[in-house]
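What follows is each chain in one-letter form.
Protein chains: 2
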Amino acid sequence: MKIVALAGGVGGAKLVDGLAQVLHPKDLTVIVNTGDDFHHWGLKICPDLDTVCYTLAGLANPETGWGRRDETWKVLSEISQLKGEDWFKIGDRDLATHIERTERIAAGKRLSEITNSFCQAWGIAISVLPMTDEPVTTIVKTQEQGDLAFQDYFVHQLCEPKVKGFKFAGVEFSRPSPGVLEAITEADAVVFCPSNPWVSLDPILSVPGITPAVKKTKIVAAVTPIIAGATIKGPAAKMFLELGIEPSAFAVAQHYEGMLTHFILDALDQDLEIRIAGLGMNTMVTNTVMKSTDDRHKLAADVLNFIQRTA
Amino acid sequence: MKIVALAGGVGGAKLVDGLAQVLHPKDLTVIVNTGDDFHHWGLKICPDLDTVCYTLAGLANPETGWGRRDETWKVLSEISQLKGEDWFKIGDRDLATHIERTERIAAGKRLSEITNSFCQAWGIAISVLPMTDEPVTTIVKTQEQGDLAFQDYFVHQLCEPKVKGFKFAGVEFSRPSPGVLEAITEADAVVFCPSNPWVSLDPILSVPGITPAVKKTKIVAAVTPIIAGATIKGPAAKMFLELGIEPSAFAVAQHYEGMLTHFILDALDQDLEIRIAGLGMNTMVTNTVMKSTDDRHKLAADVLNFIQRTA
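Those sequence lines, one after another, are chains A and B. Per my numbering, residue 1 is the first one in the first sequence, and the count goes up by one each step. Per my numbering, residue 1 is the first one in the second sequence, and the count goes up by one each step.
Rather than coming from a laboratory, the hints here were simulated on the basis of the structure. All figures in this text were calculated on a predicted structure; none of them were measured in a lab. Check the hints yourself; a few may be wrong.
Copies of the same chain look alike in the list, so a pair counts if it fits in one copy or across any two.
[What the hints assert, rightly or not] Mimicking PhoX-like on lysine-lysine, the simulated pairs with C-alpha atoms at most 25 Å apart in a straight line are:
| id | residue 1 | residue 2 |
| --- | --- | --- |
| 1 | K89 | K2 |
| 2 | K109 | K83 |
| 3 | K167 | K298 |
| 4 | K238 | K109 |
| 5 | K162 | K89 |
All chains should be modelled from the sequences, with the hints used to inform the complete structure.
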């Protein structure tokens, strides 16, 4: 079975890692959000791409989920000493990725080519594709401070400003990166990983051509990023609330209504299953919390079994 | 006594450090070669400025003379893993300097302002000035490979290509950085540190306005970078040879004939003293090898005493 996964950062990366443990590498493609990409220290930083790649390569920091394991912080501490910008925490190993990527972009390479080359160097066998090679910038519209670039909202302001909406600047002019539409067209199923609907998956789905391709796929399954009204990590639940929607697995399913054929919700939300099924989706209740590598493997296997038996 | 020192990298930095131990900070200005500056990993790197500053701040690697003490190499090793450029060895702490400088240049700051700000952060009290804020690029003309950028010749090719001459690209359009001409004009003496005449001091002296200002100074003293026909470090002796000149303290003195009033040669070259005096220079023979911090202090004191008693 050929699977395309759509993923943002930490939660998404974990499920992708689980799927990579279960599927043949040729049968798994992950399309990653690049709306959070930004420039810092003059370098192009792609937080979600890096989190997905580090996780797949076994290089991710197991405590935080993002950044590198065995990380050191010499550069950051010296930049602080020079009174440079130190609000965004770049570790030494992680920094090398940004430097090398920025160099190659300056040399005219596409983000997708660079990502592919990094995956080879890191021993990643599955196909990891940025949603687009072109610049798309997620803007968080806030009540107090107007438009904020995503990393400013997320890291600098710790998600404190109240959200009014989102904008993916430049998305209307962007094209899916090479291989994205082909992978979706050839896929037996598209899996929405447990990533933030507003700022991780919506940007991917907003790249012209991707949503129509996804809709043509026989099976489109989502794993809820919201459990018992909250998120494991990140501001998704807070965003639903501030937009006037009660955060829940049902709200997530409704967000994607018309696109999803399958929905996987957590055992803690079993009572929502009937309402979600009422949206015309096949539902499965399972443990969706991934604390260990084994949890990732098990959730991925659950998702694939569910898809296969209801195909 | 107000002193202006002209310096390149390691040897020059050591004497400047000695002078800084002896003089009041207000009485010492160092003008540093920027002809070796280049771009690598997308960053502006100023090897001589950094060596001088790290040395003055007590941050320099005591083994190599360049780079940082307590250095780590995580970024470089990760860049190697990604098959990036790893021939130029940038340590993690050192890298922070280049990142922050590049950021500030991109933000419109001048190299001299940035250097001043870094000196404050590092606790350097004397005035450290780049020779110019504008781009000047030292080109080594070689027999085998034509024109080579300095770092390519020096680090990548390990000074192996035979030298035919030098070019300081852009120097004719450059201006001394703010404060350079004022410092020379106010100085009682200009001291040429034991740096490479061809690629460290000549670039400084080629910036329009600097040589005329130096020539107006009452005392212009040079400390030989060549001892017993060889250099402690770097390719100066090899360059003299390849240009058909026997490398010696005399050759250095002759190189600067018409500009120098004072010349300090090493005890090992005592036999050259009469020939150098014959060029119309006051001479002093002393130990010019600086192995310890104490040696730097002693040589600086010797030079200042020599200047004062012959002024």
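Here is how each hint holds up against the structure:
no.	hint	result
1	K89 - K2	neither (37 Å within a copy, 44 Å between copies)
2	K109 - K83	between (33 Å within a copy, 15 Å between copies)
3	K167 - K298	neither (35 Å within a copy, 66 Å between copies)
4	K238 - K109	neither (38 Å within a copy, 40 Å between copies)
5	K162 - K89	within (24 Å within a copy, 46 Å between copies)
Hint violations for this structure: numbers 1, 3 and 4, all remaining hints satisfied.
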